[in-house]
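Given the coordinates of chain A, assemble chain B onto it according to the supplied hints.
Line by line, the protein sequences are chains A and B. Counting from 6, one number per residue, gives the positions in the first sequence under the working numbering. Counting from 90, one number per residue, gives the positions in the second sequence under the working numbering.
Derived from the structure by calculation, the hints contain no laboratory data. Glycine included, C-beta positions come from ideal geometry on N, C-alpha and C. Be aware that a few hints might be false.
Stated by the list, open to error - Mimicking SDA-like on lysine to any residue, the simulated pairs with C-alpha atoms at most 20 Å apart in a straight line are: (1) 501(B) with 37(A); (2) 173(B) with 88(A); (3) 570(B) with 378(B).
What the hints assert, rightly or not - Label-pair distances were calculated between CB atoms; the ranges are: (4) 75(A) with 338(B): 32 to 38 Å; (5) 36(A) with 123(B): 40 to 46 Å; (6) 72(A) with 151(B): 39 to 45 Å.
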Amino acid sequence: MSARITRDNVAHVAKLARLSLDDNELETFTAQLDAILDHAADVEALELDDVAPTSHPFDLVDVLRPDEPGETLSPTDALAGAPAAESGRFRVPTILGEAP
Amino acid sequence: MTAMQTAFDIANAVRSGDLSAVEVTQYYLSQIEAREPEIHAFNEVTAQKALDCAAALDQRVQAGESVGALAGVPIAIKDNLCTKGTATTCSSKILEAWIAPYDATVVKRVAEAGAIAIGKTNLDEFAMGSSTENSAFGVTRNPVDTTRVPGGSSGGSAAAVAGGFAPISLGSDTGGSIRQPAAFCGVVGVKPTYGLVSRYGLVAFASSLDQVGPFARTVKDSALLLEVLAGHDPADATSIPQPAPSLVSHLDDGVQGLRVGLVSELMGEGIQPEVAAQVRASAEALAAAGAIVEEVSVPAVTYGLSAYYLIAPAEASSNLARFDGVRYGLRVDAPTTNEMMVATRTAGFGPEVKRRIMLGTYALSAGYYDAYYGRALKVRRLIHDDFARAYQQADVLITPTSPTVAFPFGAKGDNPLAMYLCDLYTIPTNLAGHPGMSVPFGTGADGLPVGVQVLAGTLDEVTMFKVGAALERAATAEAAKGAER
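Just chain A, with the same shape it has in the complex:
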């Protein structure tokens, strides 16, 4: 099988996506992602050099709404679903000195 994605690629992608995979999962995902990418490779047959990409169904342009104060979530409501909060802020474990 012509590997379109390697086990190392998958491990790297998992790291970028903040997911931890065990050896079995790495194995399975590598095979599955390879099969999906292989199927998706049918578009390689298309001549696309002169085709403009589109990321959206319609050509929308940004518009600005009138800058009028409206209702917003209260800090209490905004924090209500947080796993941990303190003094009106989201609380997280240590971040300083941490390798990314």
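This is chain B only, laid out in the frame that chain A set:
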């Protein structure tokens, strides 16, 4: 109160005082009680809230107030639409106990129209799947045949209507997630034009493809619900700034002289013969009703699946980055923030969600962006342009909604690609942003329902519904003939 009453009839009866909203709600709750343990359409049934809401509506009717187009009509809501005060889980462990601080615009609109929210329905986790087998909270069974899947991802919403738990429900459709389960369960399902219905409060999967839409037993009920859902919402930047179309009033217009295109590319490979036969029969029925039917070619649709399975995961990988254990949902504790995020996401997401996040992250990553995501965006343009050409030849297009009827649980096993192929006929519409609907039309293998998909150009819901209504009339006439034989 009887099982087959439509939303339209219920709302009329409640407005005129012939039926109370409480009676209606009690009736549907009793249906749920009887069969929900077997079907599992819901993640949560909000019985007491529904009864309280119905009682309040009845008081307003007695006080002579005007109570809206969906007065007293119970509605089931897909559990990826935010509901203030009731959990919104997306059928994911990462949001298991999360309660949204606000209502989605569509939830607010149906409530303002007098509908009674009766519960939150099961789905494939974060709407990623075609069978509802990917829910973290167990599968939903197809009420037509409980050994089969209801389709997905809006399997719970389709099953709730098919099982008689609610006359109407809300779903979301990113690549077919309303139309395919509608076809599998034998009900009507509509994906509106992208931007016609607000996405505000819909938990995002792939933002350029997601669209909220109705399920119902009849075309008329689905039109009635869409009229309530549609229309500009300033809270959604992609919402089209124009009023909701008038649909119900056009359902009896007929199809005389309308040009109907049968999409050649979507009648071939992989389709069950009985499904193809029903789609051809539906084309003949439309011709008999005065439409001009011809085959139309939309070559690029065959590349839809490839483009979709790069674009949708790419957008999903970005959208689902917000589930990091900081602002809402699950947190798995760890000494540092980075370790906490990894532990939370690893424990909170199921395998299909992880697969798509990784596929999307890969397609967007340095060195692969042009080869995968960049090419997919170009294919999206080709599909859009091919559809535009097809709609010069035809007013609407018809295709099967799904290549097969509902399949048994586990049929796609551990093969994600086989599952993705279920969406072959529904995906191109999402990429183009056009509307599409699935209308039940006869049965296929094992007597299971077949859905015919009607597609139309941008914001041409009116023509799509005219054709949908004509198909429904033909299917009803055919079923009556069958019953006589």
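*Out of the numbered hints, which ones does the structure contradict?*
Of the numbered hints, all hold.
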